[in-house]
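Visitor: Modelling step: build the complete structure from the supplied sequences, incorporating the hints.
Next come the chains, spelled out residue by residue.
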Amino acid sequence: MRKFLMSTAAIATLFAAPVPLAFADESVEVLHWWTSGGEAAALDVLKKNLEGQGVTWKDMPVAGGGGEAAMTALRARVTAGDPPTAVQALGFDITDWAKQGVVGDLGEVADKEGWDKVVPAALQNFAKYDGKWIAAPVNVHSTNWVWINKKALDAAGGKAPETWDELIVVLDKMKANGISPLGHGGQAWQDATIFDAVVLSLGTDFYKQSMIDLDPAALGGDKMVEAFDRMAKLKTYVDQDFSGRDWNLASAMVIEGKAGMQMMGDWAKGEFLKAGQKPGTDFVCIRFPGTQGAVTFNSDMFMMFKVGDDKKAAQMKMASDIEDPGFQSSFNVVKGSVPARTDVPDTAFDDCGKKGIKDLAEASTSGKLFGSMAHGYAAPAAVKNALYDVVTRNFNGELDSKAAAAALAEAIAAAKG
Amino acid sequence: MADLTTTAPRAVTNPRATLQDLLPKIVLAPSFALILIFVYGFIVFTAFLSFSGSKLLPDFSTWVGLNNYVRLFNHPNWITALKNLAIFSTLYIVVCSAIGLALAIFLDQKIRGEGVLRPIYLYPMALSFIVTGVAWKWFLDPGIGLEHVMQSWGWESFSFRWIKDGKMAIYTIVIAAVWQSSGFVMAMFLAGLRGVDNEIIKAAQIDGASTLTIYRRIIIPLMRPVFLSAFVVLAHLAIKSYDLVVAMTDGGPGTATWTPALFMQKFTFGRNEMGMGAASAIIMMMMIFAIIVPYLYSELGKKK
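Respectively, the protein sequence lines represent chains A and B.
With numbering that gives the first Met the number 0, letter number 4 in the first sequence gets 3, and the count goes up by one each step, no holes.
With numbering that gives the first Met the number 0, letter number 61 in the second sequence gets 60, and the count goes up by one each step, no holes.
Everything labelled a hint here was simulated from the structure, so no lab data went into it.
One or more hints might be untrue.
Which bits of chain A does chain B cover? Going by a derived footprint, with three or more residues having C-beta under 8 Å, they are [stated by the list, open to error]: (1) 68 to 75; (2) 260 to 269.
Simulated restraints, written as ranges between beta carbons of each label pair [said to hold, decoys possible]: (3) A/Pro-324 - B/Leu-126: 49 to 55 Å; (4) B/Ser-158 - A/Val-168: 28 to 34 Å; (5) B/Val-148 - A/Val-168: 34 to 40 Å; (6) B/Met-284 - A/Ala-312: 45 to 51 Å; (7) B/Val-148 - A/Pro-324: 36 to 42 Å; (8) B/Glu-155 - A/Gln-291: 42 to 48 Å.
All values derive from a computational prediction rather than experimental measurement.
Ideal placement from N, C-alpha and C gives every residue a C-beta, glycine not left out.
Guide: So, in structure tokens, the structure goes:
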């Protein structure tokens with residue numbers, strides 16, 4: 000059936016697209032969803048580098064944050080037997096594609112440039128499959144950040160919270176000061192982003208047991224009930240119009256001082272910088288209280304597909320350019336994330352970026368660098384979304400904490416099957 | 000062949016006659032083939048998928064029997080989706096028909112300016128559900144929409160936050176859908192009303208029947224086929240309702256406004272559960288068939 004499909008698709012493409020068969024020069028076709036201003040500018044750096052080496056860049060942008068639309072487009076291309084050269088992809092999606100046997104092998108470049116030594120092991124779990132490099136990591140986002148409006152923090156005592164109890168004190172003071180303490184958007188992935196940090200704040204072991212190992216006892220246990228209790232507590236600091244709000248509008252609330260803080264990954268920093276704010280003077284970046292020293296990450300990678308020999312050289316050049324320390328620095332300064340290799344100098348980064356690089360290196364060596372559940376780096380898509388369902392239902396008051404913990408264990412067991 | 004055609008006049012007409020016989024078939028063949036492959040072929044393909052263990056891509060190497068269906072009906076989101084469909088489709092069909100019929104009867108009173116009024120009611124249908132959804136999302140948003148405006152006009156206690164309330168959000172989708180479609184239903188009913196034989200109405204008037212009675216006892220019963228058509232059109236729109244939900248709530252708050260079509264899309268393409276997605280698509284198709292098949296039977300049966 001599959002073969003039949005592919006051959007019909009191949010015939011269809013023969014009729015539909017009289018593509019010139021031979022390209023004299025080298026080219027890469029790149030499928031990605033970085034279409035917004037800052038992201039597109041960051042990607043442009045890579046494009047320019049490649050063009051300098053005589054490689055033409057064929058852009059294939061499929062908009063839609065999170066890349067769901069891009070993955071749908073990719074399915075069609077792969078089933079037709081004509082995958083793009085490189086595809087922006089996240090976490091377990093990469094592993095899932097690798098299982099289909101359609102990805103390329105970057106071993107040549109990776110061995111020559113020694114990627115094994117400089118890319119954190121936690122990232123290698125995704126960028127390598129079966130011992131072979133299949134994807135080039137571009138950056139590391141960490142998701143357990145809190146972005147606080149400096150004025151609001153000063154009005155609430157001025158000390159950045161370091162523990163859960165201190166956080167509650169600050170939130171209460173902000174509430175008393177008449178602002179909405181927590182800027183948040185009620186979308187499942189945003190609820191889950193906070194949930195990641197809350198679980199992590201109850202201990203790194205607990206995070207590993209529940210989110211990475213998916214241990215049913217941890218998922219349905221008392222500690223998980225406490226995690227949901229904390230979520231319910233945080234819900235009380237969210238304004239009543241939060242449902243459905245986009246994350247950048249929640250950032251805007253913090254920037255304007257209507258809200259005190261936002262719990263969001265480091266892509267939120269871009270919003271603050273765009274508004275002309277300075278880290279340390281206008282806003283403060285801290286790790287989610289109780290999680291300093293540990294990092295939950297997600298990482299944008301370019302997954303490389305099996306291509307014909309004529310395109311292989313260009314693919315290798317692209318992979319090499321992505322891991323170039325100069326590119327890693329200039330790209331991530333623009334994007335707000337931190338480099339995917341630990342040997343890139345932090346001189347070009349702002350204070351939050353420097354802290355991010357330092358925290359990442361520290362967490363990587365101490366074994367406290369974990370994949371983010373909310374962003375597809377802890378478990379495959381089916382499990383991730385099963386967790387989304389439960390977390391968002393709890394956050395919207397449909398399930399109390401006990402029921403939520405039980406539902407979580409049940410939903411994840413069902414999604415694994 | 001050439002000799003035959005020049006010598007025997009009968010043979011000239013024969014190829015032409017065969018051609019005339021064949022022509023409709025030749026003209027229809029491409030579209031028939033396309034429909035056969037791209038509609039029925041893919042229905043069969045989806046049915047196969049729903050029995051396979053497909054995750055990311057179609058995969059026919061593992062067969063799981065009815066397991067996808069079992070998991071589907073054990074999934075809380077699917078149950079939510081079915082409940083929402085029941086609420087949504089019932090209200091949507093009933094309210095749309097009622098409003099559509101009322102508007103049609105009012106417009107049928109030989110009023111002046113009907114030519115202006117009719118398109119006004121019909122225009123929402125020209126918008127896509129995405130546009131309707133976005134507009135209503137903003138309109139109903141308490142922070143910027145109706146509630147905000149009412150409060151800024153001085154009605155401080157005014158509160159309308161259904162779209163943010165998991166229990167009521169599905170009803171906001173009904174409101175938007177009804178707004179979009181009732182004009183179209185009105186047009187259907189209006190055409191039906193215009194088709195009613197004037198003689199019957201006049202006869203009833205001579206017998207002294209009031210306007211109300213004429214409508215209640217004569218005209219509305221005569222419009223049974225229009226009701227049926229409206230029902231079929233609205234019911235299948237309700238079952239496949241996807242774009243409106245995505246634009247208005249994207250299934251939220253929480254999972255409160257999931258619909259079967261949303262479920263299908265999210266599971267097939269977002270959660271790499273192609274088998275379960277296919278199973279939900281098959282269930283949706285069976286629901287539509289359950290409506291369409293009896294309708295076709297009654298319509299086609301009548302003509303014979």
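Visitor: Please go over all the hints and tell whether each is borne out by the structure.
Guide: Comparing the hints with the structure gives:
no., hint, verdict
1, 68 to 75, "holds (count 3)"
2, 260 to 269, "violated (count 0)"
3, A/Pro-324 - B/Leu-126: 49 to 55 Å, "holds, 52 Å"
4, B/Ser-158 - A/Val-168: 28 to 34 Å, "holds, 32 Å"
5, B/Val-148 - A/Val-168: 34 to 40 Å, "holds, 37 Å"
6, B/Met-284 - A/Ala-312: 45 to 51 Å, "holds, 48 Å"
7, B/Val-148 - A/Pro-324: 36 to 42 Å, "violated, 54 Å"
8, B/Glu-155 - A/Gln-291: 42 to 48 Å, "holds, 45 Å"
The structure is inconsistent with the numbered hints 2 and 7, although it conforms to all the rest.
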